[in-house]
Each structure stands twice: as C-alpha cells, then as structure tokens.
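The listed protein sequences correspond, in order, to chains U and Y.
449 is the number that the working numbering gives to position 449 of the first sequence; each next residue is one higher, with no gaps.
127 is the number that the working numbering gives to position 127 of the second sequence; each next residue is one higher, with no gaps.
Think of the hints as simulated: they come from the structure by calculation, not from any bench.
Please note: incorrect hints may appear among the correct ones.
DEER-style ranges, computed between Cβ atoms [said to hold, decoys possible]:
(1) U:V449 <-> Y:G271: 40 to 46 Å
(2) U:E614 <-> Y:A20: 37 to 43 Å
(3) U:W616 <-> Y:A20: 39 to 45 Å
(4) U:W616 <-> Y:R235: 45 to 51 Å
(5) Y:S162 <-> U:D550: 18 to 24 Å
(6) U:P495 <-> Y:S162: 32 to 38 Å
(7) U:G492 <-> Y:S278: 33 to 39 Å
(8) Y:K320 <-> U:Q9: 40 to 46 Å
(9) U:R351 <-> Y:G271: 51 to 57 Å
(10) Y:G271 <-> U:L429: 49 to 55 Å
We treat Cβ as the ideally placed atom computed from N, Cα and C, and that holds for glycine.
As a plain string of letters, each chain reads:
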Amino acid sequence: MRVSYNWLQKYVDLKIPAEELARRLTLAGLEYDEIIPVGGDFSGVVVAQVLAAEKVAKSDHLSLCRVDAGAVEPLDIICGAPNVRPGLLVACAKVGARLPGGLEISARKTFGVVSQGMLCSQQELGISDDHSGIWELNDLLPAGTQLGQDVADALQLRDEVIVVELTPNRGDCLGMINLAREAAVATGGSICYPNLAYEENGGQAADLISIEVTDAKLCPRYAARLVKDIKIGPSPLWMQKHLLAAGMRPINNVVDISNYVMLEMNQPLHTFDYAKLRGQKIIVRPAEPGEMMTTLDGKARKFLGGEILICDGEGPVCVGGVMGGMESEVTEATTEVLIEAAAFDPVSIRRTARRLGIPSEASLRFEKGVDISNCDTACRRAVQLLVKYCGVTACVGAVDVYSEPPVPVKVNLRYERVNQILGSNFEPLEIKEVISRLGFGQETIAPGVLQVSIPSYRRDITLEVDLIEEVARIKGFERIPKTMPLNATVGGRSPQQQLLRRFKMLAADCGLNEAVNYSFIHPREADLLRLEAGHPWRHYLAISNPLSEDQSAMRQSLLPGLLHTAARNLARRNLDLRFFETGMVFLPAADYAAQVQPQEILTAAFLLAGRPEESWHGQAGEYDYFSLKGIVERLAASIGAGRLNFQACRAEYLHPGRSAAILLDSLPLGVIGELHPQVAENYQLDGRVIVAELALEPLFLAALGRGNQDHDLPRYPASTRDIAVIGSDAVAECHIEAAIRKAGGAILRSVRLFDLYDQPPIPAGQRSLAYALEFREDSRTLTDQEVDEAFAAIVRVLADKYQYQLRQTGCCEHPAE
Amino acid sequence: MLEQIKQIESEALAAIAAAADKESLTGVKIAYLGKKGGLTALSRRMGQVDAAERPAVGTAVNAAKVALEQAINQRMAAFHAAETEAALASETIDISLPGRPWPAGSRHILTQVLEQIEDVFIGMGYTVEEGPQVEYDYYNFEALNLPADHPARDMQDSFYFSDKMLLRTHTSPVQVRTMERMAGRLPVKIIAPGVVYRRDDDATHSPMFHQVEGLVIDKNVTFADLSGTLLAFARRMFGEERQIRLRPSYFPFTEPSAEVDISCFACGGRGCRLCKGSGWIEILGSGQVHPRVLQLSGYDPEQCSGFAFGMGVERIAMLKYGINDMRLLFDNDLRFLHSF
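Chain U on its own, in the form it takes in the complex (with noise of 0.2 Å):
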C-alpha cells in the first residue's frame, strides 16, 4: 500500500516528517518498506506569466514568447505549443533547470532567435502523460503566488509515499481512512473525516433504475446512485497527484473520482454509462455455464458458471468486483453515470480474479471483504466528488439492496485475562485507555469484563485475543516484561536424531563434503540413469505446480542431486570430488492418487570422482571401489551398526562388474559401485565415479538394539596364524573368509585378509589369498592342539567348498616380495 503523505495530511494533522510516522506505523504493526520521495522531481522550473507570443516567421508552429519570470527582465522563450497566448501562467525551465529524466535547459539558438528558457507541458514535468500544449496554471495557483517562484512549491507537487507491508488482516487499511485512524493513534491526534453534503436536484435514482440481486449471498450488498450533466475532462489537479502517488494513473475525472474513492474508503466503484444500460435495471445473479461476455480489455470471457455478473434488462455487463463489460463502459460521450458500491462475496471473487487472471486493484479489496455498512457512503462521497469538481447534477436517493445488515460485533474483554495472556501489569484503566483511542466502544458489563463494540471496519476483530493484541500494539509491545517460561523440562535430540548427528560427523571426518540438494527433480533423470521403463523410481510423486520441469518430481535417489553437483563443480575445476548427501527420498504409495502420503526414507549417498590434489609425497592413487566401501564400512562400524555385508548385483546405472548390494545381515539398504560410464556421460562426468546410496534408518536401528558390549580387556593371550590358500578366482572373497569364520568356531576372533596375489606363478585364473588368523578363549589360555585342530578343520573346509588349498610355504613365494 502506498500512502501519500500529503494525501494523509488531509484527515489528520500528522504533526511528525514521513520517517517518524512510518517507524511508528510499523511499531503499531503496519510495517513499512521504504519512503519514496516523490512528484517535483525537478529544479529551476519557476511560475511565469505569457506577455507576448509571436508566430515565428519561417515557422508553421513556433511562437517567439516574451514570458515574466520574476526577473527585472522579461524572458524570449521560443514555445511550440498550440495553446500559448500572452496573459497565461505557465511553468517555465529556465536555463540551468532541470527535468524529471536528467534533462538540462540550455539556452539555445532557434530561428536567429537565443531560446532562454523552455515552457513546459505536464508530460515535461512528470505531472501526467498530456504533452498536447503546456500546463496552464491560472486555476492552479494559490493565491498569492509569485512571478518567479517555485512551480514544485507553489503547485505542493512534492510528497512522500510511505510503503506499508500491509499483513493480509489489515485489508480496512487499503483505504486511506482507515489507515489515516491508525496514525491517529499512532501520533496521538485526531481524524477529520469529508464532508460528504451536496444537493440533489435530478430526479428520484429510484424511478430511474431498479436493482435487483439474486443471491444474497454472493451480493449481500449492492447500492447505486446516478449523476446527470457530466462532462468527461480531467480531475482536479490534487486529486491527480494523489493518484499518482498512490500508483494510479489519471484518466478523467469520472473514473479518477472513483479510484480516488475507492483507495479513501476502500470501496471499489464501478461506474456504468445509464445510457446504455438496457431496460434500466440491473440483476445481479451467478454466471450461467458457458455463458459469455466482453470485458473492458476487449477480451472475449466464458464463464464456469457461478461466477458474479452485474447485468442489465439483456444480459451481463459487468464482471462483478472483478472487470467491467466494453459495452456499458463510461466514455467521452457518457453524460449519465450509475456509480455501484457492492459487498460481494470474499471467495468468490478471488476464484473468478484468478481464474480470468486479472486481479486488480477492485478484486483485492474485495478479496480482502469491504465494510458492507460504508457502500452507500463511499457512493455518497463519489457524487458529492463529481458534484463538486464536475458540476454535474446528483439524482435523489440511492438504490440500496442491503437485505441483511449485520449485527453489530460485540466482543467480551476480561482486565485479568490481557495480563494472563501477556504476561503484563495493565491497570484496567490503560485498557479502556486503548480502547477509547481506538474509537471503539466499550460498556463495564461485570466486574473486570468489559464489552466491546467493534466498529464494522475492523473485521479482524472478532475474539478476546483479537483485543488482546490491540492492547498490546496499541501499549507498545516494548511494555511487556521479558521472562522465561517456569516449567523445567528435559530437553534433548531422540536417539534416531543421536545418531544421524554422529553419521554426519564422521561422514565428514571421513574426508566427505555435504551436499544439499532440492528434493525435487526432473522426471528426465530417470533416462539418464538409463533406468528400465518398468523401474519403480520412474513411479514418482509429481508437483502439480512446479516452478519448472526441472523442479517437479520428488525425488526417488539422492544420486542424481549429488551427480549434477559433481558435474558442476568439475565445471568449475574442482577436481577433488568426496561428496556425501543425507535427506529424504520420497516413495509412492501403491495405490497413488496423490491422495496418501508418500514413504519418506531417510537415505545417505556418497560420491567419489576427480583425483586426490597432487602434493610433493606421491601421487595418491585414483578414487576407485574400494576407496569409498572402506569409508561405508568405517561409518557402519563407527556408529555401533556392526558388519555390512556386499553382493555382487546388478543396477542399471552401475558398472555391471563393479557394483554390489549393501546389506545388514541380510536386509538389503542400498547400493554401491562404480557409476556406469554412460551414464557419467549422461552427466557430463570423466572418469570413474564411485557412488553409493543407503537407507539409514535400518542401520540407526541396528546401532540402537546391539546394546552393551564387553569392555573387559583379554585375559588370556591369543594364538595368531597365518593361512594362505589357493584356488578359482571366480569364488567372492567373502565367501572364503565366511567359511574361514564358520569353520574357525567361537575361538577363532579375528580374521584379516593380508593379501591377495593372482600373478604368476600362480595359474590363470586362480588366486592366492593369505589371512591373519586370531584365536583366543576369555577364561583360559588355548593349547596348541586346539588351535591346530581349528587350524585344520578350516583347511578342510575350503578345500571341500571351494576347492581351495593350502599353499605350501616357500614353494611360490611372490618374486616380488
């Protein structure tokens, strides 16, 4: 809302400059945005007087002007407007002025003649856009002006418009009224509301046009009143200024006089030219489906039916609150004007603004709910307008469709409760204090209860607490007491929450950066994973209203978030990529109709690509498999998950050698591998990409159940062996090192595979493996035979299962080694 200063200045004496009045205006909580100097945006543009004008000779539109400027010498000012002529007050740039656009006057040589100066047309001056002659200010000036001075003074042109950030409960303050009661409160002054006396000498507005309303609900209110003699010319000056100000453009002084009500009181207007009103009626009823009409913008409008239309005795002419019709519009012509002042349904009217896309000034207010019991006023105050700067001739009486006003509202407040509520000491004095100021009536209806009417433009107010905060905005907010709550609680994160905390914190100690990505993604990725057309992540939630395409599906994987983050930053030369994301992923449910809720799981993925930063002790090698399963299998362990365990698997976006499930024990909870290439050209990446992603709630809650653990340091000491074996390199590793486990029993600790040699002399295809084996009991110390007997039996077990034998030591020693 942009309010003149000015404008304000009218209803209250306003006493303090723009600044102080906004900072209390946003302290009473109407906050404002900025103050905008504006109007008068030049200087050195004085009041002069026409003393001669002379066609110029070798012109066929040039006058040679002798011009008064309050100098001891006249002026010669060449002028081509059409309306010059000696006797007139104009507003004249004399050299060294300058205009609103940074133009600077300079005398100039036209005809043989030295131009000193330059007459100026509203246009020139940023008054409105007419440029057909310059502004004739004879009407303008006050009295008492001087030859010579200021025009911006002289004319009042300056101003300040102060934006208030309007909370949408405070619709009443779109009217300068309303607005202008909150400064008086504001500045402890004093509102002078217009005075809205004026003669009616045409005939009865009731014999002349019948309203009728079908739907009261729609329309509970519609009145009209009808002016004659109207002659269509421009509006007062001040009230031009006003407008503009206010961010209106002047047109003429019918529809100025109507905007200009419509932002005093905050009622739109609409004015119909009487003359083409068919039947001289007017029916207010719901649109028909399908049916038809022409609004103002010259647009062809079909209706859903149900929408508001102000017709007349043939059909609609006006979209109700919304448009007005081309047909009935008031023109140059017009001489008979029915002005309308309606309350029209909130809810109605925002659907049909919205659906026709064309929210106006108008539609808002209306949006917001006017105040049904000022229609006829604001009606009142168009005519006696119109009557005033128009001469024209008012018609007796209104025609007032108003079937149910509303009862008045009363609200109850008790002393006690505002200071329970707000934690204040307010006597009940200062709260009856407030409400006086708030010119809303108040009457003791029981000790300590106080009720209170509240006026028909404040319909935010409708409870206790509604009254409540007015005596807190109204006391000042800074007057109530800071305390803390008195109830003591044990505060804390859940051990979900715990744990998620820690998993991020290892995440990065583990040399991972995190990401944050939108949840929301292009349905594409989907084909840039080269995912099957059957593959569930291609069932997703869509936005029905996305920014963009690339905003519109809920994400299924947190992978193509962190690959087009890996593709940015390698765009960037950021070459060392060790990213990890955590978030929700969003699953479907089966019978999806975005009517049910979505899973959300909480996932983790990870991301290596690029290579580590060279640095003088040696190149580290090439992020590769390995590099990022030893980082997930530390996290694992790290947060008490225990032992993930990995399956050779197949993913469409991995590397069909390098990629495997995760699991716990055997509930699968992701995936990891090698990204494939083509879909790391699919995303702009080189190289090998390793990413893996997982759900980590399952992990959370595995962390949660293994509960305590022994801490007891060994007793007895372990018996450690070597084991190295050979056999078919088609066998998982984790297959040989499980059977080592299961045949090894509860004495057999630990197994660490120490390496691994598939080179020759070892046959293709086969590999020879070598672990540390640790063997211990907690209550005594193992004999020799049992370790060997465990030793033994392990042996045995990979050469039944896997046909894997014992390698004899020295036989095929690595040459390298």
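Once you have looked at the hints, place chain Y on chain U.
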C-alpha cells in the same frame, strides 16, 4: 716397579688421548690391558716383587688398570656419541615442507547452523520433533486456523500434489501432530526443524529451505515468556550484547503475533548497510498460539496457553556468516562448502 707402573700408565693415557677412532682405541686397550698388554705383563711379574712391597705394587697396578679402563670407556662413549650425532645429522629433513595431506571433509553450513539453533533450545529444555515433508492440507493449513480460501494462504504459495496434499510450507504441521500425539498432556515444549517448500526463487528466496519452529504449551505461558525466550536465543546465537524488538504482525495461527528483530550485530544498532540503516534485523516470526489452534488439537485455551515461533535457517546462516546469495547454499561448490 712402582716407577714402571707409573710410566706405563702415563704412556697408556697418552695413547688413549691420541686414539683417532674406535678401532685405534681398541688397539690401545689391547696393547695395555690385553692378555699380552703392558700392564698385564707387569702384574705377571708380581712374583718377583718383595713380599713386603707386594701389597703396595698390587694396589698400584689395580689403580692403573681402573684408571685406564675408565679413560678408555670415556673415550669410547665420546666416539659413540659423535657417531650417533653424525648419523642423525645425515637424516635431517626440511621441516618447512607441507605436511602429508589428510583429506578434509565438511558438514554443510546449514547443518551446522541448524545444530546451533537446536542446541540453544535443547539447553532450554526443548525436545526435537520431526514430521513428514509431504503433508495433508489439514495439517499444513486447516488445523492452523487457515481454512480453504483464507487470504493468508497467499502468504505461502505452495507446491501441490492434489487439492488434499502438498509440500509443507512450514514445519508447523509438526506442532499439530505433536499436540495430537500429546492428547492434551502438558507441558508441550518442542522445536521442529526441517525442510519446507514455497513457490519462490530469487536471491533471497529458495523454493526449498529450512525452518526451525518452536512450540510451548502449559498453564500460564505468556507473551512475556515468549519475549524472554527469544531474547535468550538471540543472545546465544548472535552475541550476549544483542537486544530484541518485537513488532506487531499477523499470522493466522498466533494472536497476538510478532515479528522479531535483533539489534544489528554489524553496527550495534547505529544503522548500516546490513540493517538498511534501521539498526534492526528481522529474524523470525512468533506469537501466542491462537485459541482456535489449541482447540482444534484438543487443548482448552481457558486452561492453558502457549507460544510458537518460527525462523528460516538460511536467513540466520546468511546473516551470521555473511552469505549474500541464498542460491550458494544449494549450489554445493566445494570452495563454498570448505569455507565454513
């Protein structure tokens, strides 16, 4: 005889002193103290000495032996120390070379700020509650006193899946869900951090961002308690010298409602570019829980009262760490991620 002992001793001492290295010193040792050494030979001739003189000669020989052994050991130790020193000297490194790189990771600044905010409130006894991001209209709007067609829904332009389901526009639905779960029990004292979504995208708005909301319901929880709580928060987060200012505002789910400003930490409140000259910076919205919201979730507004507040984590992070463009927070450039 004694004369001879003296002479051999002094000869030997001179030889020890003259020995250039371990080897020649060993030679000296053998020459005097070895089986055929000079001193050993003397002691073999003991039998030829007068019985009366024998004790004296014996003592002298022993004394000479001890003296020589001591001298040799000392000299040997010196050689050893010199050798060690030379060996260490040959191992000298350039200690100014950079250390072996250990890959540095990082937690996102939003994670860090979120945790800071959480910790302040956990310290005041709040528990941390979470809820779904894809929400029903009821929890996101209706239960918060925002019925369909309420004009205030415009304040939060939403992403919809259907007329019934949307991406939550704030974490307030968690408040509703918590109240439902608590079923009228007191006190309720929670914060709800999380991801939220609004249809906005520019340098100061992101379609996805993070919020932390708080809710306290108990007997006699006042607006003054809200002020005090937020003052404590502002000071923990932005420095103990901060002041706060509450301004009347409007949210459908609170009444009275307040926007909360903190005194500018860049200029101390005198007015600067950061606070646009006002000395105050808006950081959050808050208010006393609207009685209708309490009723809708099964609490009697005559029996209890409460306050709620909500803040944008991105905004707090940007203010506290001088980040000028919100989009950087979701861009994940490593140079940015590493700078915190």
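These are the hints, each one checked on the structure:
Range check, V449 of chain U to G271 of chain Y: about 45 Å between beta-carbon atoms, so the 40 to 46 Å window is met. Distance hint check: the CB atoms of E614 of chain U and A20 of chain Y are about 49 Å apart, inconsistent with the given range 37 to 43 Å. With their beta carbons about 41 Å apart, W616 of chain U and A20 of chain Y fall inside the hinted range of 39 to 45 Å. The hint said 45 to 51 Å for the Cβ distance between W616 of chain U and R235 of chain Y, and at roughly 47 Å that hint holds.
For S162 of chain Y and D550 of chain U, the Cβ-Cβ distance of about 22 Å falls inside the hinted range of 18 to 24 Å, so the restraint holds. Between P495 of chain U and S162 of chain Y the C-beta distance comes to about 35 Å, which sits within the given range of 32 to 38 Å. G492 of chain U and S278 of chain Y have their C-beta atoms about 37 Å apart, which keeps the hinted 33 to 39 Å range intact. The supplied range of 40 to 46 Å is met by K320 of chain Y and Q9 of chain U, whose beta-carbon atoms lie about 42 Å from each other.
A hinted range of 51 to 57 Å for the beta carbons of R351 of chain U and G271 of chain Y is inconsistent with their spacing of about 45 Å. For G271 of chain Y and L429 of chain U, the Cβ-Cβ distance of about 37 Å falls outside the hinted range of 49 to 55 Å, so the restraint is violated.
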